[in-house]
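Quick note: the sequence shown uses this note's numbering, first residue -8, plus one each step.
For the record, the hints were derived by calculation from the structure and aren't laboratory data. A few of these clues could be false.
Okay, the calculated beta carbon distance ranges per label pair [to be verified]:
no.	residue 1	residue 2	range
1	Tyr56	Arg23	17 to 27 Å
2	Lys90	Asp47	42 to 52 Å
3	Thr32	Asp(-7)	30 to 40 Å
4	Ile61	Val29	19 to 29 Å
5	Lys90	Ser34	36 to 46 Å
6	Pro(-4)	His22	36 to 46 Å
7	Ala(-6)	Trp40	42 to 52 Å
Everything numeric in this text was worked out from a predicted model, so none of it was measured. Beta carbons: idealized from backbone N, C-alpha and C, even for Gly.
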Amino acid sequence: MDAVPLAVTVLASIVSGVAIGAVFGFSLASHRDVLAGVRPTHSNRFVRWLARPTRDLNLRDGILYLLVLIVWLVVFFALCAIPVAVAAQFAEPDSLLVKAAVFVFIGVAYFSRQVGANLWKRCIEPAA
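Let the hints inform the model, and build the full structure from the sequences given.
Set out below in structure tokens:
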């Protein structure tokens, strides 16, 4: 196996895994805390808009929230497909490289959830 295809495939798996893992970690931590009554103190209006109970949304905000979720769904599936598509460019679809890309992607996404949770903690903790 050549080193360049392996490096490109692993890099694509890591980037996709970190992106998905961080978003999942952020959303899971924020969901848990928002339902417990914690509100972010971050200056980013988009974060404050996303991190609030859905019962507080009016019709316009609900439609925008639905559109954000639909866009995230498309991005999610694209990020899941990137490692396999990159690996398939260098090897047969059922090769060890494709399987390694999937395993690296899943592992990195799992461990990157903590990155997203830490980002959420920074949003709710007051600046010192």
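Results for each hint:
1. Take Tyr56 and Arg23: their Cβ atoms lie about 18 Å apart, and the range 17 to 27 Å holds.
2. Between Lys90 and Asp47 the beta carbons are some 45 Å apart, a value that agrees with the proposed interval 42 to 52 Å.
3. Checked against the hint of 30 to 40 Å, the pair Thr32 and Asp(-7) fails, with Cβ atoms roughly 50 Å apart.
4. A C-beta distance of roughly 27 Å is found between Ile61 and Val29, which places it inside the suggested range of 19 to 29 Å.
5. A C-beta distance of roughly 44 Å is found between Lys90 and Ser34, which places it inside the suggested range of 36 to 46 Å.
6. The supplied range of 36 to 46 Å is met by Pro(-4) and His22, whose beta-carbon atoms lie about 38 Å from each other.
7. For Ala(-6) paired with Trp40, a C-beta distance near 45 Å keeps the hint of 42 to 52 Å intact.
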